[in-house]
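Enquirer: Each chain is listed here by its residues.
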Amino acid sequence: MTSPIDPSPIDPPLALLAELTHRCPLRCPYCSNPVELERAAGELAEGEWHRVLGEAAALGVLQVHFSGGEPMARRDLLALIATASDHGLYSNLITSGTLGGEREISAFAAAGLKHVQLSFQDFEPANNDRIAGLAGAHARKTRFASAVRAFGLPLTVNMVVHRQNLGGVPEMIDMALALGARRLEIAHVQYYAWALANRTALLPSRQQLDDATRIVEAARARLKGVLAIDYVVPDYHAVRPKSCMNGWGRQFLNVTPSGKAVPCHAAESLPGLDFPSVRDGTLADIWYRSKAFNRYRGTDWMAEPCRSCDRREIDWGGCRCQAFLLAGDAGRADPVCALSPDHGVVEAALHQAESAPPEFVYRHFS
Amino acid sequence: MERLEVSATSVLRLAPHIVFRFDDTRQRWIMMAPERLMLPDEQAVEILKLVDGKASVDAIVDVLAARYTQATRELIAADVTAMLQDLADKGCLTDDLSD
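The listed protein sequences derive, respectively, from chains U and Y. Going by our numbering, the first residue of the first sequence is number 1, and it counts up by one from there. Going by our numbering, the first residue of the second sequence is number 367, and it counts up by one from there.
None of these hints come from the bench; they were simulated from the model. Everything numeric in this text was worked out from a predicted model, so none of it was measured. Yeah, the Cβ is synthetic: ideal placement off N, Cα and C, and Gly gets one too. Watch out, some of these pointers could steer you wrong.
What the hints assert, rightly or not - Chain U stretches covered by chain Y per the calculated footprint, using a threshold of three residues with CB under 8 Å from any CB of chain Y: (1) 109-117; (2) 146-154; (3) 225-234; (4) 256-270.
Said to hold, decoys possible - Computed spacing ranges between beta-carbons, pair by pair: (5) Y:Asp-418 to U:Ile-10: 35 to 41 Å; (6) U:Gln-352 to Y:Glu-371: 46 to 52 Å; (7) Y:Pro-382 to U:Ser-146: 50 to 56 Å; (8) U:Ser-146 to Y:Thr-391: 48 to 54 Å; (9) U:Asp-230 to Y:Lys-415: 51 to 57 Å; (10) Y:Glu-408 to U:Asp-211: 52 to 58 Å; (11) Y:Arg-433 to U:Arg-222: 34 to 40 Å; (12) U:Leu-223 to Y:Gln-393: 34 to 40 Å; (13) U:Ser-205 to Y:Val-429: 54 to 60 Å; (14) U:Glu-124 to Y:Ala-437: 40 to 46 Å.
Could you build all of it, start to finish, from the sequences and the hints given here?
Expert: Right under this line is the structure:
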């Protein structure tokens, strides 16, 4: 039996990803949203989000990331930022920068927003707009970045990279500096949802990856204290899997536009898991007691080679979604791991990456 | 912008978007930065409490040297400077000159 004061030895979550909407003016072919996009009519109402933010703070969440889709497509975003601040939550806006500008940023800053992460699809405007599937996107993003800096908010530029823009890493770094960013995230596409459908068009060759990594490492040393560069390598090229979400249900929870609580933004793709809705229970109930959050928590669920691996509490078996997508079973080791019996699937994809890329399949509502 | 080089005469404060506070849930001091949570140890907490935009690094070292007499002032100065430089490099501190 657990007591109501100390419900379990499970640590409270550190961060909430609030996916306010799937609506977005961009159509990126690697969008991390599910292939089945949620329409506006199915979204949580403003009042429900206010309640979720309060429950998150009470549960021990420290940081909230307002995301989407494009979160600025929600007209109540300003009110939600203010509520987050009232609850002492450190708030971050993850945006495409293609809706709104100075007026919105100024209001967000006054409401207590702490940071803006602004995505770019490339440094080069024409290729940026082609990948984003939106004409004029690069110019809008550039204006948005100026507004963020003008109101004193710290800016992170997020560059999603893949084989069709990876050669531009030096120019991406220059662009981030010119925009006044203190942080640059160079994140290789991760292969879920839309990105998995476009994997062959996106996965870089080993040579491309090694060149980019060398450039990033040199820039990090040169720009120490000026620009921090976070570099997320494509896990397909790694030997051991990423510590996905730092472990299932350990630090992180995500609420989708329709109010489902999931341990990561891709977990809805997993079959046989009944993800609870914030409409049916409190976040504390969901975090500590729901079957879905306990399913792959810790190490008890693991099979070999994870179960006896000395890295089992370092990478937590890698990614459950990737295990399902590539090996057909979310309970297996992440096939990215060279020790996984399913590793051949990853090697086959890497082999394909050495030849010419096919056309993109753009994100759309089906 | 240029790198903030921490020296004995630097007068530092937390950058405006940094939150350093006690967390009731976890019963410990935390420091929050964009998409980053830091859990300063006891020693770091003592130093951070003295970073107020008024005291120089030298003055902070004086306070700590008086408090911890078992370590030499020189050693404390080296530790404090290294920690503050690391935080400055992460964008957590400002001296109002470099940004």
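Enquirer: Now, for every hint given, state plainly whether the structure supports it.
Expert: Hints, one by one, checked against the model:
1. Given as covered by chain Y, the segment 109-117 of chain U passes the check, having 3 residues with a CB less than 8 Å from a CB of that chain where 3 are the minimum.
2. Counting residues of the segment 146-154 of chain U whose CB falls under 8 Å from any CB of chain Y gives 3; the rule of at least 3 is met.
3. Counting residues of the segment 225-234 of chain U whose CB falls under 8 Å from any CB of chain Y gives 3; the rule of at least 3 is met.
4. Residue count for the segment 256-270 of chain U with a Cβ under 8 Å from a Cβ of chain Y: 0. That is fewer than the three needed, and the coverage hint is violated.
5. At about 37 Å, the beta-carbon gap between Asp-418 of chain Y and Ile-10 of chain U stays in the expected band of 35 to 41 Å.
6. Range check, Gln-352 of chain U to Glu-371 of chain Y: Cβ separation about 48 Å, and the 46 to 52 Å hint holds.
7. Between Pro-382 of chain Y and Ser-146 of chain U the Cβ separation comes to about 18 Å, which falls outside the hinted range of 50 to 56 Å.
8. A C-beta distance of roughly 38 Å is found between Ser-146 of chain U and Thr-391 of chain Y, which places it outside the suggested range of 48 to 54 Å.
9. Roughly 29 Å separates the CB atoms of Asp-230 of chain U and Lys-415 of chain Y, a value that falls outside the hinted 51 to 57 Å.
10. Restraint check, Glu-408 of chain Y to Asp-211 of chain U: a C-beta distance of roughly 44 Å breaks the suggested window 52 to 58 Å.
11. Taken as a hint, the range 34 to 40 Å holds for the pair Arg-433 of chain Y and Arg-222 of chain U, whose Cβ atoms sit roughly 38 Å apart.
12. For the pair Leu-223 of chain U and Gln-393 of chain Y, the beta carbons lie near 37 Å from each other, so the given range of 34 to 40 Å is met.
13. Judged by the Cβ atoms, the range 54 to 60 Å given for Ser-205 of chain U and Val-429 of chain Y holds: they are separated by roughly 56 Å.
14. Look at Glu-124 of chain U against Ala-437 of chain Y: about 54 Å separates their beta carbons, and that is not inside 40 to 46 Å.
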